[in-house]
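Sequences listed follow chains A and B, in order. With this note's numbering, letter number 16 in the first sequence gets 16, and the count goes up by one each step, no holes. With this note's numbering, letter number 248 in the second sequence gets 248, and the count goes up by one each step, no holes.
In short, the hints are calculated from the structure, not lab data. Beta carbons are placed, not taken as given, at the ideal position from N, Cα and C, and that holds for glycine. Don't take each hint at face value.
Heads up, incomplete: computed chain B residues facing chain A, CB under 10 Å, no partners named [to be verified]: (1) R4; (2) T28; (3) T89; (4) V98; (5) L104; (6) A106; (7) G112; (8) R154; (9) W158; (10) M193; (11) P197; (12) F214.
Chain A regions said to be covered by chain B (calculated; three or more residues, Cβ under 8 Å) [stated by the list, open to error]: (13) 15–21; (14) 24–33; (15) 36–46; (16) 52–59.
Now the in silico label distances, taken between C-beta atoms and shown as ranges [to be verified]: (17) B/F223 <-> A/P40: 40 to 50 Å; (18) B/L33 <-> A/V20: 41 to 51 Å; (19) B/G247 <-> A/P19: 23 to 33 Å; (20) B/I18 <-> A/F34: 38 to 48 Å; (21) A/V20 <-> B/A201: 45 to 55 Å.
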Amino acid sequence: MTTSTLAPAALGTRSAERPVAVALAAFLGLGLLFMAGFSPAIALHNAAHDFRHTQNFPCH
Amino acid sequence: MIIRLLSAALAAGFIAAIVVTGLELTLTSPLILAAERYERAEPSHQAAKTLPIVLAHSGHDHSDADKAGPDRAAPEWQPGAGLPRMAFTALATLVGGVGYALLLGAVMLACGREPTARTCLAFAIAGFASVALAPGLGLPPELPGSEAAPLAARQAWWVMTAAATGMGLYLIAIRRSFIAILGGLILMIIPHMVGAPQAPAGTSELPAALAAQFASRSLAIGFVLWVMIGLGFGWAWHALARDSARGAARA
């Protein structure tokens, strides 16, 4: 665990930015995945249909 | 760091989407199209044949679609057959790929790991295990037209299994204390003890060989997706650092 832990210097001085970056990326990522993989809207489902089946999202 | 994380995820998702869309269109889309011929052939979906375009799903245990019914005046929108459908598959792959890449980046930074190519690959394989392998044990990748339990139950089990497996892997690989490893193992096993929602008993018209081929191809493509996201993220993260360093040196 210690070998590849982020050194604060490597990320610049603004390390307080990290929680914000993590939260933002997680929020955006979950939003995009919901849209592509889970949204019950029929239009979104039909558009992403083949992707959903291939990536093993539960579908129809 | 916010810009760097978002940019690296965008780049990784884009790189992965290019490769994976190619694989989807050549390996799984033909199987899905073949399966839809069986789906349409089911007697309950006879009416769907009168539509000028083929519904991706003609109301198979889809409560909304059942209500709508194939004889409704305006069928739900769906991409046209051929090129438009391929384009939307590509778009969905891009959206999903970027989404997974954002989560990968978020998890790596939250765990305090520097996203080197090696770390990215390790986390990406953990991601594949969490969202493809573990849910696939209970709910194997399915073709349209196969029998399945209600959608909401399967989605809930899928999300819980993915979350429990991810958390379990985190406890085992990063926490590493005895209690954490034990807890992680239990977390990973519980969804499978509970069991995935079972399909109602009934025979599908779908040839088993087609379904088996689809399941293995789907998992292989899922693996490629994650590996490409991992490699792409590692590359982009460092390429972006080099760019900004060069920019700073010039300024």
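Consistency of the hints with the structure:
Evaluation of the B/R4 hint against chain A yields a held restraint, the C-beta minimum of about 8 Å falling below 10 Å. Given hint, B/T28 at the interface with chain A, holds; its Cβ is 4 Å from that chain's nearest Cβ, closer than 10 Å. Annotation: interface hint on B/T89 holds; nearest CB of chain A at approximately 4 Å, less than 10 Å. For B/V98, the shortest C-beta to C-beta distance to chain A is roughly 6 Å, which falls under 10 Å, so the interface hint holds.
Hint status for B/L104: holds, given a least beta-carbon distance of 8 Å to chain A, under 10 Å. This hint holds: B/A106 has a C-beta 4 Å from the nearest C-beta of chain A, less than the 10 Å allowed. At its closest, the beta carbon of B/G112 sits 5 Å from a beta carbon of chain A; the interface hint therefore holds under the 10 Å criterion. A hinted interface residue such as B/R154 counts as satisfied when its beta carbon comes closer than 10 Å to some beta carbon of chain A; here the least separation is about 4 Å, so the hint holds.
Given the 10 Å rule on beta carbons, the hint for B/W158 holds: about 5 Å separates it from the nearest Cβ of chain A. The beta carbon of B/M193 is not positioned within 10 Å of any beta carbon in chain A (closest approach about 20 Å), and the interface hint is therefore violated. A cut of 10 Å between beta carbons decides the hint on B/P197: the least distance to chain A is about 9 Å, and the hint holds. Given the 10 Å rule on beta carbons, the hint for B/F214 holds: about 8 Å separates it from the nearest Cβ of chain A.
Given as covered by chain B, the segment 15–21 of chain A passes the check, having 4 residues with a CB less than 8 Å from a CB of that chain where 3 are the minimum. Only residues whose C-beta sits within less than 8 Å of a C-beta in chain B count toward coverage, and the segment 24–33 of chain A has 9 of them, enough to reach three; the restraint holds. As drawn, the segment 36–46 of chain A meets chain B at 8 residues by the rule of a beta-carbon pair under 8 Å; at three or more, the given contact holds. Closer than 8 Å: that is the beta-carbon criterion, and the segment 52–59 of chain A has 8 residues meeting it against chain B, so the requirement of 3 holds.
The hinted window of 40 to 50 Å between B/F223 and A/P40 is violated, with their beta carbons roughly 28 Å apart. At roughly 44 Å, the beta carbons of B/L33 and A/V20 sit within the given window of 41 to 51 Å. The beta-carbon spacing between B/G247 and A/P19, approximately 26 Å, falls within the hinted interval of 23 to 33 Å. Between B/I18 and A/F34 the CB atoms are about 23 Å apart, so this pair departs from the stated range of 38 to 48 Å.
With their beta carbons about 51 Å apart, A/V20 and B/A201 fall inside the hinted range of 45 to 55 Å.
Of the numbered hints stated above, those contradicted by the structure are hints 10, 17 and 20, listed in ascending order.
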